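*Asks:* Chains S and V, in that order, are what the protein sequence lines are.
Take the first sequence: its letters are residues 1 to 554, numbered as in this note's numbering.
Take the second sequence: its letters are residues 1 to 337, numbered as in this note's numbering.
Bear in mind the hints are in silico, worked out from the structure with no lab data behind them.
Note that the structure is a prediction, hence the values are computed from the model and not measured.
Incorrect hints may have been included.
Simulated pairs of lysine-lysine, DSS-like, Cα-Cα distance not exceeding 27 Å [as the list claims (entries may be wrong)]:
1) S:128 - V:63
2) S:537 - V:15
3) S:87 - V:254
4) V:84 - S:97
5) V:63 - S:97
6) S:128 - V:84
7) V:63 - S:469
8) S:128 - V:89
9) S:44 - V:327
10) S:150 - V:96
11) V:89 - S:98
12) S:46 - V:327
13) S:97 - S:150
14) S:539 - V:15
15) V:89 - S:150
16) S:97 - V:96
17) S:98 - V:84
18) V:63 - S:150
19) V:89 - S:97
20) V:63 - S:98
To spell it out: a stretch of chain S is covered by chain V in this simulated footprint if at least three of its residues, at any positions, have a beta carbon under 8 Å from a beta carbon of chain V; those stretches are [stated by the list, open to error]:
21) 161 to 173
22) 179 to 193
23) 482 to 493
Each residue gets a CB set at the ideal place from its N, CA and C atoms; glycine is no exception.
These are the residues of each chain, in order.
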Amino acid sequence: MGGGQSHNQQGPQGPSSSHGPNNGSVLATKKQQHENANKCSPAKVKSCLRTFFAHLFSHIGLCILIVGYTIAGALMFEKLEKTYEMKLIGNRTANFKKLRLHYVSELWNITEQFNVLYEMNWTSAVEKELREFESRVVATANTAGYSDVKDDLHWTFSGALLYSVSIITTIGYGNTAPRTAWGKILTMFYAVIGVPLMLLWLSNIGTLMANTFKFAYSHACCISSNPSSSSRSVQTKRTPSSKTEPSSIQVKYSVSAMTCETQVVQAQQNMHQRALNRREQRAKLRSLDPSAKQVLMECAEYNVNMDQDERSRRILHQLHSDSGGNGGEMLNISGMDEESSDEVESVIDMRGVTRGGDQSDLRGLNGGRGGSVMEISVNSNGMEGTPSRIPLLHHKGGGVGGIESGPDLVEVDEYHCGGGGSGSDGSASPSLNKYHLPRTEQRVPVSLVLTFVVLYIMGGAAVFSVWEKWGFLDSAYFCFITLSTIGLGDYVPGVSFGSAGTKEGQAQLIVCCLYLVLGLAIIAMSFNLVQEEVAAKVKDIARHIGIIKDNPEH
Amino acid sequence: MSDLEYERRLWPRIKNAFRVLVAFTFSHVGVCGLVVGYMICGAFLFQMIEKQEPNTQLEDVRKIRNETANELLSIVLMFNTLEKEEFFKLANAAIKNYTEEIVNAINLGYEGEPLNNQTHSTSVPTENVSWSFSGAFLYSLTVITTIGYGNVAPRSPWGKIATILYGIIGMPLFLLYLSNIGDILARGFKWTFARCCQCRWNCVKPRRYLDNGQLDEEAVPDEEEQITVPISLCLALMVGYVWGGGLLFANWEKWTILDASYFCFISLSTIGFGDLVPGDAISSTPGREDEIQLSFILCSLYLLLGMALIAMCFQLMQEEVVATVRKIGSRLGCSRK
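So here's chain S without its partners, still in its complex pose:
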């Protein structure tokens, strides 16, 4: 089989992966691992700890890191730039004073010149002087370094904080900008480290928030509509969305032995959306796709053997009574661990007879964008009563013909089949023994997400328009420019004339930072939520227009 990134692990290292086609069933390997697991208990503890720390570092740790980085940057830049700015302002004030003195004495001279006051002459002379004075004021203001002329410092702590945030989010307002050479050099280095860090954090928190949103949405949706179907919590956890090659098919499996039953129900519902009526669970199980059923069966068997799980026993019973001759395919479970994403799931290596004679192997396609995916084109060989659709696949994009897109696969938070995960090699997911079954994601409609984002912008606009005495349009414009990271800088809260140095102004700056960061997180979340749907719709439109030719096999 291709994709030789997998490697063989025997023993207490997760589901043993073997390259050979017929390596026995999952059960055997599970038993083996469980035995080994019992021997290496500290390793199990270690792996637990490792999971814990992995999760900690991925979410909270990153948040703390970002906050710390921003604050450190603020302190650093403030120290660098404050003295220089104070010097500049001092110079400018002194220049203004000198100018004033000079021109006032000029005026005195003019006044003295005219023994008798001819108003016209005097006025024109004074006008000339005033004009000259003004242009010199303008010139002085322009050369002092900052485009806005104020006596309040730009480089207060909150100003520097906003500056740091504007660097790492690449917004870059520019109202506060470094003037010293060291400031500029440090800005560049700060950006080189900070921008990727911010992107990492955004993708992380975008995923987290997207999952929360989906969770809340599915609950709200189901509470309002159908209390029976998916009232059980469907924890969905997806790997950070990665851009996939158009012709790859992603398969993510996840199973939790505890919720095998729910999953089966779920999987069923998603597989047979049109055909689903109120069947008994038994009937649902019966019509489960054979390959999925086999997985389920083995999982349940293992659980029963190991833990005497009541529920698993029930499932097993039902499966056995239904199976009859259902074994069609030989399931070959081998796990691979991929480390390129932080939520690694073991991928099941399955072979099957393909439909339409399309023989394809499973290749471990380690997604070029950081996801670990498997490329599968496995079809079931339509047993009686089973749908000819492949529930286990999610067909992304074109390329491999003849496979209908199944429901989205989502891995489930889990508990592993058996004591597993012990002695896993740790660099990958600590719970390599997960098996995954497909389950539909609750798709949040695009309109809802867009409404949410627009509401956030409007809310921010309202707040800023009240605080900064801008108009509503100006505030909305500011919010948009900020959240899109354009950051023109013509409107910046907290630096308007008169409020810059005050406590209020500083508080406004900090609130602006928070609004900004939260808004970017929300935008990351909305991208996460809608990108698939939007991509699918765009492809549909493109196909409709005719840019992409229709798949002739459809």
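Fit chain V to the known structure of chain S by using the hints.
*Replies:* Using the frame of chain S, we list chain V on its own:
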């Protein structure tokens, strides 16, 4: 062939041609043209919107000047015998007021009296240059790339609304451009690199580890996938581009090299402070508006090319990083046995 038949055959051909055209536009090279066309349209749009703004500031400042002159006159007339200190104190106050008003105007964008009235040349040019075609072109570029300098910003409400809408459509378009062009450039670069590799050294095939931990000597790499450009080369390319741009702009804009490199870096990373913008230094001498416009166009081209290069480098680096991590991971995994 009858007329009817001819028409029947013509229509599918037209549709086909249209389809090909649209496909071309949205793929690869066509996206480049699409983005440039979008920016040109945006330039016209913003130029139209913003130039209509009458420059009321000039009138306001003139009014203030008159008022100050009147105030001074009244000071002088107030006293039959004028003491110097008295005059100084009062005139100082009046001038101070005047200064504050000017400063307010400056903060709102006032740039001084237009040149033709001046006898000396310390004024800066008016907004005409900022919103000329090339200035508006640079502005459109900064919006859709999200650089957003801000030295030129819309003042009218319609300009702001137009900016929002323009950005909403333009930013995804630009991302599309980046991904397409980055893809093409990455492929071309890899191909070139592979050729160089083959010519000079034998290309180092990434090692694969078999099940038993031994080196897989017989692995045959895929054609394109296995050749990854080393990260150092990509980084050197990016740094070189920033540095080269720095030299260029230092020469053209009379900045220091540090300032110019800083400007290139800040622009290419889409931070875009706007403290340093092309056309600033030249604008201090009057009458060189053509040069300013040329520098705007030059800056736009530099940015377009630079962002494509950076997209390419990121793609190449990403592949390399993934391959390296995989290698490390497999090695680690094997070594744990």
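*Asks:* Within 27 Å, alpha carbon to alpha carbon, are residue 98 of chain S and residue 84 of chain V?
*Replies:* 18 Å, holds
*Asks:* Verify the coverage statement for the region 482 to 493 of chain S against chain V, using a C-beta to C-beta distance below 8 Å and requiring 3 or more qualifying residues.
*Replies:* This one holds; 7 residues, not fewer than the three required, reach chain V with a Cβ under 8 Å.
*Asks:* CA of residue 63 of chain V to CA of residue 97 of chain S, is that 27 Å or under?
*Replies:* 23 Å, holds
*Asks:* Is the straight-line distance between the alpha-carbon of residue 63 of chain V and that of residue 98 of chain S 27 Å or less?
*Replies:* Measuring from Cα to Cα gives roughly 24 Å; hence the hint holds.
*Asks:* Residue 128 of chain S and residue 63 of chain V were given as a pair; does the straight-line alpha-carbon distance stay at or below 27 Å?
*Replies:* Answer holds: residue 128 of chain S to residue 63 of chain V is near 14 Å, not above 27 Å.
*Asks:* Is the hinted pair residue 46 of chain S and residue 327 of chain V satisfied, with a Cα-Cα distance of at most 27 Å?
*Replies:* 24 Å, holds
*Asks:* Hinted pair, alpha-carbon criterion (27 Å max): residue 537 of chain S, residue 15 of chain V. Please report holds or violated.
*Replies:* Cα-Cα ~22 Å, so holds.
*Asks:* Going straight from one Cα to the other, do residue 128 of chain S and residue 84 of chain V come out at no more than 27 Å?
*Replies:* Holds - the C-alpha atoms of residue 84 of chain V and residue 128 of chain S are around 21 Å apart, at most 27 Å.
*Asks:* Within a Cα-Cα threshold of 27 Å, do residue 128 of chain S and residue 89 of chain V meet the stated pairing?
*Replies:* 21 Å, holds
*Asks:* Are residue 89 of chain V and residue 97 of chain S close enough, with their CA atoms no more than 27 Å apart?
*Replies:* Given pair residue 89 of chain V, residue 97 of chain S holds - Cα atoms ~13 Å apart, limit 27 Å.
*Asks:* Closer than 8 Å Cβ to Cβ for three or more residues is the test here. Does the region 161 to 173 of chain S pass it with chain V?
*Replies:* holds (count 6)
*Asks:* Given the proposed pairing of residue 63 of chain V with residue 469 of chain S, does the C-alpha separation stay at or below 27 Å?
*Replies:* 26 Å, holds
Hint check: no violations occur; every hint is consistent with the structure.
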